[in-house]
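> Listed below are the residues making up each chain.
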Amino acid sequence: MAKIKSVEDAPGLPLPEAAYMPGRAYDEMFLADGSVREHYEALNSRMQELSPADLAERQKIQEQLFLLQGITFTVYGADTTVERIIPTDVFPRIIPAAEWAIIETGLVQRLTALNMFLSDIYGEQKILKDGILPRELVLGAPSFRREMVGLYVPHGAYANVCGSDLIRNEAGEYVVLEDNLRVPSGVSYMLANRDAAKRAFPGTYRQAGVAPVERYPDLLLTTLRSLAFDLRANPQVVVLTPGVYNSAYFEHAYLARLMGVPLVEGRDLVVHDNIVYMKTTVGLRRVDVIYRRVDDDFIDPLTFRRDSSLGAAGLFNAYRAGNVVIANAPGTGVADDKAVYAFVPEIIQYYLGEDAILPNVETFLCREASQLSYVLANLDQLVVKAVGASGGYGMLVGPHASQKERDEFAAQLKADPDNYIAQPTIQLSTAPCLVDGRIEPRHIDLRPFILSGEKTVVTPGALTRVALKRGSLVVNSSQGGGSKDTWVLSQ
Amino acid sequence: MMLARVADSLYWIGRYIERAEHMSRLADVMLMASLDQSESAGQSARIALAAVGEPDDATAAMDPLGAAYDLLFNREDHGSVVTSISRARENARQVRDQITAEMWERLNLLYLRITAKDAEREFAAGSSSYLHGIVADLHLFKGAADATMSHGEGWRFLLVGVYLERAQLIARLLDISFGASRTPVTDHLVQMSLLRMACALEPYLRVYTSDIQPRHILEFLLFNEEFPRSIRFATARMEEHLKAISRHAEATGAAPERLAGRLSSRLEFADPEELAEVGAGDILKTVVNECARIHGAIYETFVAYPIDERLPA
Chain Z
12 MAKIKSVEDA
22 PGLPLPEAAY
32 MPGRAYDEMF
42 LADGSVREHY
52 EALNSRMQEL
62 SPADLAERQK
72 IQEQLFLLQG
82 ITFTVYGADT
92 TVERIIPTDV
102 FPRIIPAAEW
112 AIIETGLVQR
122 LTALNMFLSD
132 IYGEQKILKD
142 GILPRELVLG
152 APSFRREMVG
162 LYVPHGAYAN
172 VCGSDLIRNE
182 AGEYVVLEDN
192 LRVPSGVSYM
202 LANRDAAKRA
212 FPGTYRQAGV
222 APVERYPDLL
232 LTTLRSLAFD
242 LRANPQVVVL
252 TPGVYNSAYF
262 EHAYLARLMG
272 VPLVEGRDLV
282 VHDNIVYMKT
292 TVGLRRVDVI
302 YRRVDDDFID
312 PLTFRRDSSL
322 GAAGLFNAYR
332 AGNVVIANAP
342 GTGVADDKAV
352 YAFVPEIIQY
362 YLGEDAILPN
372 VETFLCREAS
382 QLSYVLANLD
392 QLVVKAVGAS
402 GGYGMLVGPH
412 ASQKERDEFA
422 AQLKADPDNY
432 IAQPTIQLST
442 APCLVDGRIE
452 PRHIDLRPFI
462 LSGEKTVVTP
472 GALTRVALKR
482 GSLVVNSSQG
492 GGSKDTWVLS
502 Q
Chain Y
666 MMLARVADSL
676 YWIGRYIERA
686 EHMSRLADVM
696 LMASLDQSES
706 AGQSARIALA
716 AVGEPDDATA
726 AMDPLGAAYD
736 LLFNREDHGS
746 VVTSISRARE
756 NARQVRDQIT
766 AEMWERLNLL
776 YLRITAKDAE
786 REFAAGSSSY
796 LHGIVADLHL
806 FKGAADATMS
816 HGEGWRFLLV
826 GVYLERAQLI
836 ARLLDISFGA
846 SRTPVTDHLV
856 QMSLLRMACA
866 LEPYLRVYTS
876 DIQPRHILEF
886 LLFNEEFPRS
896 IRFATARMEE
906 HLKAISRHAE
916 ATGAAPERLA
926 GRLSSRLEFA
936 DPEELAEVGA
946 GDILKTVVNE
956 CARIHGAIYE
966 TFVAYPIDER
976 LPA
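Heads up: the protein sequence lines correspond to chains Z and Y, in order. Taken in order, the first sequence gives residues 12 to 502; the numbers are from our numbering. Taken in order, the second sequence gives residues 666 to 978; the numbers are from our numbering.
Be careful, since some hints might not be right.
Claimed, not checked - Covered stretches of chain Z (in silico footprint by chain Y; criterion: 3 or more residues with CB under 8 Å from a CB of chain Y, positions within the stretch not fixed):
#: 1; stretch: 255-268
#: 2; stretch: 289-301
#: 3; stretch: 319-328
As the list claims (entries may be wrong) - Just the calculated beta-carbon pair ranges, DEER-fashion:
#: 4; chain 1: Y; residue 1: E787; chain 2: Z; residue 2: L78; range: 16 to 24 Å
#: 5; chain 1: Z; residue 1: E225; chain 2: Y; residue 2: R912; range: 30 to 38 Å
#: 6; chain 1: Y; residue 1: S815; chain 2: Z; residue 2: G333; range: 30 to 38 Å
#: 7; chain 1: Z; residue 1: S258; chain 2: Y; residue 2: R740; range: 20 to 28 Å
Worth flagging that the hints you see were computed from the coordinates, not collected in a lab. By construction, the Cβ of each residue, glycine as well, lies at the ideal position given by its N, Cα and C atoms.
Work out the full structure, taking the sequences as your base and the hints as a guide.
Structure follows, in structure tokens:
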């Protein structure tokens, strides 16, 4: 596809010195000839009216709002700790209704199949008996929890809150980069960004007809309650946080506040006779559903890591006894393992008899000798990721790395090939962002949130993460990424 | 019903907010008094410093600006305004889901303001208006709590913290000025400073006129029923909130509301004439000790109770 090639072709934006050059990537706002895509027209005409000073002012107001509300993450330094906001771009990313319909059905299909996969591998393991996936790839994954085998899980919904990362390739096709089925975060930014965008572009927002995201907390609570349908009427739901020092603490508190349920820490919980209680001012009160934002390893020192003080001793036994629901269920991580990911299209086909609506990114498993040699020969073209890592750590972006970095990574790969997968480097789509007073294209991804209990629902919105460094393809906030609001149009 | 840890945090937010306000006011009064070149100024400074727990330090009294600066910005000092506001905010962060956005934003703004890079410069440029701003912001926080938070259990824990801290701070201020083994303050200007430190000058004048006397100051700050910074008033509110909180509690062994009620009655029915005869030392000592017991009883009843006693049979 033709792309904007020269400054002359670049679209006219209110800041003339900022030539808008998305390069090879698919641009969300502009066509190759520099004209504006239809669904961006309302925003474009507003952008034309605003001066650079107006835009800078809006950006500043937005940042102050986030700082004031305490929407921050904490950076721990040698002698000082600093609270930073995740940079939020003023311009929304816009998705037309027709595109969203595909994303939505694709995500529901995917999570439905993944939950069926989890039910199966913690049950009869038919998919392994039928040889669809290598047995050791699943049972040998560190995220596979033997403790979960044979346990009852309400509605077979293991992953109740899922945040899948989607990207758009050079052709503009949405593909799934990874699934996050453990304790995905970022949904508070979806909500906070919406709040900020409504203030920054109120008229445009109204004119565009944007689907609301504000029901998310309510849908989450409904999902969590639906998991306790056979436990007690009016189940007591709580959010379990590792505490105020966790980088996602703001989100934990935000969700608890918006759902109107207690935000508990491990030290607030007591397990007695396989029943979980929280310590209140009037004594101990029973807890039925725990939306935990603590990793599997840390939820119960008696069952998992002994040195953990973040969970509650005996929690897993209470869960096993069916007296409390833990969401997401322990052991869901095996379904978002980066090696299992490569098989998701087969998993969908196996359980649902359907083709995957949202394709995967082509993935090379380094555990296979032939694929490993291909990966080693093409390191400068590929992105290599450690199977167990997340957050942008332990990865090599081949085209952006030095020869020395690639050589070092190749040595690691050869030493432990099972631990790595590789994918072609995809130019993520770009969208206009305000950077240092200029409007420039930056690469973005898309993290929608899917809830699964009695029903599976997708909130019409998402966290759009932005790689703020020019040309960078890494959007993780731990690696200097930012975010922007995502407008899903109702029609 | 609320999490015990949450109640604890709300209680401490109340205490730290009250402490920050009191210390800001002491610093302000000390600086204002020091503008006068007189013995009264030195004495006012010494009272303020003694009230914040500094030993009777003559060098500090010679440098009121330095002392005020320390009282505000010294993070090593457990009683400083910056420490109190930081701790109040840290507690607020832990119960972010329980307080309102208005309260959080007000407290967060205060924190950002006092920890900002140019805070110290701003203070140096105009100490009085800076301190005035801090106190006004603290009032806004309390106002936001009153106007936006449900007046339920959590709000009551916050206010128990405020009033318990207030009773202790005023008792300490009075003890330094009129307690047993102290030379009572008699200087008119120093007594005015003292009333200002309790934010009580104008309310006092309306009751007793500008004829300022130690026994009237004591009577006003100990026994006045209507003045919000009198110890009687603070104790009565503590009793009221603790009674409401205790209605739902299962165990009533330590009964903080009973302790608060007893102290409240003692102040309500005290004979002001006695003060003139035996001095204020005894009653001030009682206030400080009883406040400590109430604090302990709150913990024993609501926060750090033994789990075994509360398990279902």
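> The structure should be examined with respect to each hint, and the outcome stated for every one.
Structure-based check of each hint:
no.	hint	in the structure
1	255-268	holds (count 7)
2	289-301	holds (count 8)
3	319-328	violated (count 0)
4	Y:E787 <-> Z:L78: 16 to 24 Å	holds, 18 Å
5	Z:E225 <-> Y:R912: 30 to 38 Å	holds, 36 Å
6	Y:S815 <-> Z:G333: 30 to 38 Å	holds, 35 Å
7	Z:S258 <-> Y:R740: 20 to 28 Å	holds, 24 Å
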